Amino acid sequence: MTAAHEHQVQLRWSDPDSLGHVNHARALSLLEDARLAMGDGAPGRPGLILARLEVDYLRQLYYRTGERLCVRSVVTRLGTKSFTVRQELVQDDAVAIRADVVMVLFDFATDTSRAMAEAERQYWSRFLES
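Heads up, the sequence shown is in the working numbering, so the first residue is 10 and it goes up one at a time.
Keep in mind the hints are simulated off the structure, nothing from the lab.
It is possible that part of the hints are untrue.
Distance windows between CB atoms, simulated [as the list claims (entries may be wrong)]: (1) Asp109 / Thr74: 24 to 32 Å; (2) Gln19 / Gly50: 30 to 38 Å; (3) Pro55 / Trp22: 29 to 37 Å.
Computed from a predicted structure; not experimentally measured.
Think of the CB as a built atom: it goes at the ideal place given N, C-alpha and C, for glycine as much as any other residue.
Assemble the whole structure, with the sequences as input and the hints as a guide.
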């Protein structure tokens with residue numbers, strides 16, 4: 010059975026900009042935290058690099074003291090050497106940020122991409138969107 014990975018993130022006092030909403034670059038670090046948590050325990054680590062990041066900022070994200078937000082992540086594509094993760098950051102029951110992230114399996118010794126091992130495919134398949 011597949012399931013989305015859900016990770017709670019904490020906004021920080023330093024995240025908002027002078028307009029009062031969370032700065033777009035700061036929000037990306039929240040998505041990164043969720044991806045790292047999603048990959049915790051994955052075989053082959055370290056061995057992933059981010060190759061593409063496509064982000065839609067759908068609504069403003071606001072800092073509120075003590076508020077924890079959920080980042081929902083699913084794998085939308087499993088390739089031979091890469092996979093795509095769709096992430097959604099939700100505030101007030103609405104998606105504020107949606108990102109599609111292409112992660113490439115990478116061999117740092119040879120400085121090249123590499124094929125996904127079967128154990129890695131099994132690990133990431135459990136998050137595969139049906």
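Results for each hint:
no.: 1; hint: Asp109 / Thr74: 24 to 32 Å; in the structure: holds, 31 Å
no.: 2; hint: Gln19 / Gly50: 30 to 38 Å; in the structure: violated, 22 Å
no.: 3; hint: Pro55 / Trp22: 29 to 37 Å; in the structure: holds, 31 Å
Hint compliance for this structure: hint 2 is the single one not met.
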